[in-house]
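From first to last, the protein sequence lines are chains A and B. In my numbering, each residue's number is its place in the first sequence (first place is 1) plus 12. In my numbering, each residue's number is its place in the second sequence (first place is 1) plus 31.
It cannot be assumed that every hint is accurate.
Unchecked claim - Keeping only pairs whose Cα atoms sit at most 25 Å apart, straight-line, the calculated SDA-like set for lysine to any residue is: (1) LYS129(A) x ARG299(B); (2) LYS129(A) x THR49(B); (3) LYS59(A) x GLY168(B); (4) LYS129(A) x ILE331(B); (5) LYS129(A) x ALA339(B); (6) LYS59(A) x MET36(A); (7) LYS59(A) x THR106(A); (8) LYS129(A) x VAL171(B); (9) LYS129(A) x GLY168(B); (10) LYS59(A) x ARG346(B).
Said to hold, decoys possible - Here are a few chain A residues that face chain B, going by a calculated C-beta distance under 8 Å: (11) MET36; (12) ILE128; (13) ALA140; (14) ILE144; (15) LEU150; (16) LEU188; (17) GLY258; (18) LEU298; (19) PHE299; (20) VAL303; (21) LEU306; (22) GLY313; (23) LEU316; (24) SER321.
Note that these hints are calculated values from the structure, not bench results. Ideal Cβ placement from N, Cα and C applies to all residues, glycine included.
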Amino acid sequence: MTEWRYWLNEQRGTLMGLAIFVIMFAVYIVNHPAGLTANVAQTAANKGVLLAFVAMAQAMVVITAGIDLSVGMIFVLTNCLASWIVVGTPMQTTFGVFGVLLAGALCGAINGLLVIKGRLQPIVATIATGAIYFGIALLLRPFPGGAVNEDLGDAMTGQFFGIIPSSLIVLLGAVLLVWLPFSRSETGRAAYAAGSAEAAAFMSGVPIRRAKLAAYILAGLLAGMGGLFLTFFTYTGEAAYASGSGYTLWSIAAVVLGGVSLYGGRGSAIGAIFGAFAARTTGDMLFVFDVDPLWQPLLQGIVLLIAISIGAVGLLRVRNRLDWFL
Amino acid sequence: MRARLSGPFRRADPAVLTAFCCILLLLFLGSLYSSNFLSLEYLLQQLKVASFLGVIAAGMMLVILLGHIDLSVPWLMTMGAMMACAAAGMGVTGMVLAIPFGILCGVLFGLLNGFGVAYLRIPSMIVTLATNVVAQGLMVLYTGGFSPQDSATAAMRWLATGVIVPGVPNAILVWATVSAAMVFLLARTTFGRSIYGIGNSERAAYLSGINTRRVVMIAFAVSGGLSAFGGVLLAGYASKAAQAMGDSYLLPSIAAVVLGGTSILGGRGSYLGTVAGVILITLLQSILSVMQMPEAGRQIVYGIIIIAMLLLYGRSPANR
């Protein structure tokens, strides 16, 4: 009896994110002229998965009560890198993919070391590293261009058995191979502990440094997967500043929609995925309702504003005013 | 050690001193490259460019001192600029009211930010992010996605590029006025002291009888107004408003405040430091562009230098 209530309480944010996404997606599908066909699902999945990877990356760091304002730039950097090295024979392509993922993880490790060993505030440290990563991306691709192994690209963005979007399978793979082992491990629990009460966790001998470093590295890795996917999707690399900063900002929004607390220690990367899908569905929804594209940013902003205000409903339950300041 | 130092040095913050030393170092390095760096004209030109960032960073500092952050700077700036220019296109009354109207729009959005943060208790990062998107949406809708045709009024141009005191551009005077007001506000008013109090511990400030919610809301409104004012000045400088004109001001304004020794967690920092941070960032950008370094190299060097300076004096204490 009480067991599942604890579980429910723990997963409340994630379930909220899921609910928001399901409702929005249902409205979208009902109004879509073609309904839920494999192709509609594939397009929606491909667009959603890009933000989902970046949002998962953001969630990793946010859980430790940090923030990574460079995820968008890691995403752009790995996109540019992938447009150089993920080409050629299957062998070369494989090495290329590993190279890209390694580069992402390395960027994450630099962020982590600056925050942990350098004791810098994550907000400013990652703003600065974001500038560096974007600079490197520009060095790699001063002009949009490059190529990718198109067979692999098509396989990754196509359909599995003609029904299921393969990008969703890859995302599921990332959840199973990266998120679940991490969150179930001692390191993962230490990351949650570091997020909810760092001083207490430190005093109790919880390995918070290792946990935070792991979170930052995995964030870089996941952002790198996103960048790789963008390359599969577009077949080119482009160092676009607007794209990088846009993904960073929307990753924060997605994380919040998915029920991850920005104060740390609460939520999961799975919630962030639903948050990302929900954020993406807003854009698609305007398309099916045939809204003038000029209205799109405004409506997206209003939806975002309303969605986050719903989170403030918790305020009504507060009995003691001092609880506001937590 | 500190007691032996006299006058202003006794109270000087080591971070502020380091920031000013870094400015001198940058000027020295620049002068090795070209002697123009030490000419009065160049320095005044730099201060003029810095004044736009300075006005915005002043608002950002108020918010950071509270322990919050304002990510709505880019589009509040653009909105201020566009609305001022739009008002200018509406006859004589519009011309007169252009600048106040632009600022008013920023204040309104700032109030919205403040309401979300103070009364709904949504994390500031998220509220300001959302209002930024809403402001962007309104402006895209208003302009149809293109740069608006209206141009800045003579008054806006005069504020940004005119000269009233011989040799000193008006923009610097505007920045100096805003700075004087900020110093007075932070050091001499209850409101300013409340900001430091809330930044240190909102709970304690609340229990001491400060109306913390009102202070937070007003601080966000001031920040929004100053962002819009920065946009108005920039529009006067460029003589018109443009899409995305504010995008390159968000990160530098945060960096300037933090490099000036203000703690991003709130409660600690002096306005002099923010001035130093603004000058530092502007000089850095100027030197990198004078050296004709490509954009990629500029971004990398800019990032590395900010990290290096933070490692020098922006570190938080070890937890033990």
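The hints, checked one at a time:
Between the alpha carbons of LYS129(A) and ARG299(B) the distance comes to roughly 23 Å, so the proposed pair stays at or under 25 Å and holds. Our distance criterion of 25 Å between C-alpha atoms is met by LYS129(A) and THR49(B), whose separation comes to about 22 Å. For the hint pairing LYS59(A) with GLY168(B), the CA-to-CA distance comes to about 21 Å; that is within 25 Å, so the pair holds. The suggested pairing of LYS129(A) with ILE331(B) holds, with an alpha-carbon distance near 21 Å, which does not exceed 25 Å.
Simply put, LYS129(A) and ALA339(B) have alpha-carbon atoms about 14 Å apart, close enough for the 25 Å limit, and the pair holds. With a C-alpha separation of about 15 Å, the suggested pairing of LYS59(A) with MET36(A) holds against the 25 Å cut-off. For the hint pairing LYS59(A) with THR106(A), the CA-to-CA distance comes to about 24 Å; that is within 25 Å, so the pair holds. Proposed proximity of LYS129(A) and VAL171(B) is contradicted: the alpha carbons are some 43 Å apart, above 25 Å.
For the suggested pair LYS129(A) and GLY168(B), the alpha carbons sit about 41 Å apart, so the restraint of at most 25 Å is broken. The suggested pairing of LYS59(A) with ARG346(B) is violated, with an alpha-carbon distance near 39 Å, which exceeds 25 Å. Using the Cβ-Cβ criterion of 8 Å, the hint placing MET36(A) at the interface with chain B is not satisfied: the shortest such distance is roughly 17 Å. Against a cut-off of 8 Å between C-beta atoms, the interface hint on ILE128(A) is violated, since the closest Cβ of chain B lies about 11 Å away.
About 4 Å separates the beta-carbon of ALA140(A) from the nearest beta-carbon of chain B, less than 8 Å, and the hint is met. Here the hint on ILE144(A) is kept, as its CB sits about 4 Å from the closest CB of chain B, short of 8 Å. Evaluation of the LEU150(A) hint against chain B yields a held restraint, the C-beta minimum of about 4 Å falling below 8 Å. The interface hint given for LEU188(A) is violated, since its Cβ lies 29 Å from the closest Cβ of chain B, which is over the 8 Å cut-off.
Annotation: GLY258(A) was flagged as interfacial toward chain B, and the flag is violated, the nearest CB pair being 10 Å apart, outside 8 Å. For the restraint placing LEU298(A) at the interface with chain B, the shortest Cβ-Cβ distance is roughly 11 Å, beyond the 8 Å limit, so the hint is violated. Given hint, PHE299(A) at the interface with chain B, is violated; its Cβ is 16 Å from that chain's nearest Cβ, farther than 8 Å. Hint status for VAL303(A) relative to chain B: violated, with the closest Cβ pair at about 11 Å, above 8 Å.
Annotation: LEU306(A) was flagged as interfacial toward chain B, and the flag holds, the nearest CB pair being 5 Å apart, inside 8 Å. For GLY313(A), the interface hint holds, since its Cβ comes within 8 Å of a Cβ in chain B; the closest pair sits about 3 Å apart. Evaluation of the LEU316(A) hint against chain B yields a held restraint, the C-beta minimum of about 5 Å falling below 8 Å. Because the beta carbon of SER321(A) sits about 6 Å from the nearest beta carbon in chain B, less than 8 Å, this interface hint is met.
Checked against the numbered hints given earlier, the structure breaks hints 8, 9, 10, 11, 12, 16, 17, 18, 19, 20 and satisfies all the rest.
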